[in-house]
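Taken in order, these protein sequences are the chains called A and B. Residue 23 in the working numbering is what sits at position 23 of the first sequence, and the numbering runs on without skipping anything. Residue 42 in the working numbering is what sits at position 42 of the second sequence, and the numbering runs on without skipping anything.
FYI, nobody ran anything at the bench for these hints, they're computed from the structure. A portion of the hints provided could be inaccurate.
If chains are identical, the list can't say which one is meant, so a pair holds when it fits in one copy or spans any two.
[Unchecked claim] Only pairs whose alpha carbons sit at most 25 angstroms apart, straight line, appear in this in silico DSS-like list of lysine-lysine:
no.: 1; residue 1: Lys2; residue 2: Lys40
no.: 2; residue 1: Lys40; residue 2: Lys10
no.: 3; residue 1: Lys19; residue 2: Lys40
no.: 4; residue 1: Lys2; residue 2: Lys19
Protein chains: 2
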Amino acid sequence: MKARVTITLKPGVLDPQGKAIEGALTSLGFSGVNQARQGKVIDLDLAATDESAAREEVGRMCEALLANTVVERYDIAILS
Amino acid sequence: MKARVTITLKPGVLDPQGKAIEGALTSLGFSGVNQARQGKVIDLDLAATDESAAREEVGRMCEALLANTVVERYDIAILS
Numbered sequence: 001m002k003a004r005v006t007i008t009l010k011p012g013v014l015d016p017q018g019k020a021i022e023g024a025l026t027s028l029g030f031s032g033v034n035q036a037r038q039g040k041v042i043d044l045d046l047a048a049t050d051e052s053a054a055r056e057e058v059g060r061m062c063e064a065l066l067a068n069t070v071v072e073r074y075d076i077a078i079l080s
Numbered sequence: 001m002k003a004r005v006t007i008t009l010k011p012g013v014l015d016p017q018g019k020a021i022e023g024a025l026t027s028l029g030f031s032g033v034n035q036a037r038q039g040k041v042i043d044l045d046l047a048a049t050d051e052s053a054a055r056e057e058v059g060r061m062c063e064a065l066l067a068n069t070v071v072e073r074y075d076i077a078i079l080s
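Only chain A is shown next, with the shape it has when bound in the complex (with noise of 0.2 angstroms):
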């Protein structure tokens, strides 16, 4: 089973990476950038048949590692 977890900063916590980015398309004469922010997705290829256990495990994957859940937050999407 296949899984995707789509991880990005909470509203409000500061993205240095993402105002790296604005800089870097507005030096390149990209005008129309309002904001950009970087999050990161992880894909997981998964011996669990059951969705409903896979999204479970996903999610305390997510609490012990993939996340840092004080300043950010996960989906998660059961793809197959």
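Chain A is fixed; fit chain B onto it per the hints.
Frame of chain A, contents of chain B only:
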């Protein structure tokens, strides 16, 4: 208008970050992880109001800066 760019490594490209995640998850006791691959997600807040113009501009941003098209592929989703 908001857009989300998801940048992932092309198949076959070695992903040391993904390997590190696999190892860490296994050492934390998650045995059901066959593979993990990490990518980036960039959320853009654009001044553009037309969807096709926004998609075309973001495509140019990806080619110019956001993605290393030698080893990465990108997917553009126009959210609103």
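Evaluation of the provided hints:
Within a single copy, Lys2 and Lys40 get their C-alpha atoms as close as 17 angstroms, and across copies as close as 18 angstroms, so both meet the 25 angstroms cut-off. In the homo-oligomer, the alpha carbons of Lys40 and Lys10 lie at most 25 angstroms apart both inside one protomer (13 angstroms) and across protomers (16 angstroms), since each shortest distance falls under that limit. In the homo-oligomer, the alpha carbons of Lys19 and Lys40 lie at most 25 angstroms apart both inside one protomer (16 angstroms) and across protomers (15 angstroms), since each shortest distance falls under that limit. Proximity of Lys2 and Lys19 under a CA criterion of 25 angstroms is satisfied inter-copy only: 16 angstroms between copies versus 32 angstroms inside one chain copy.
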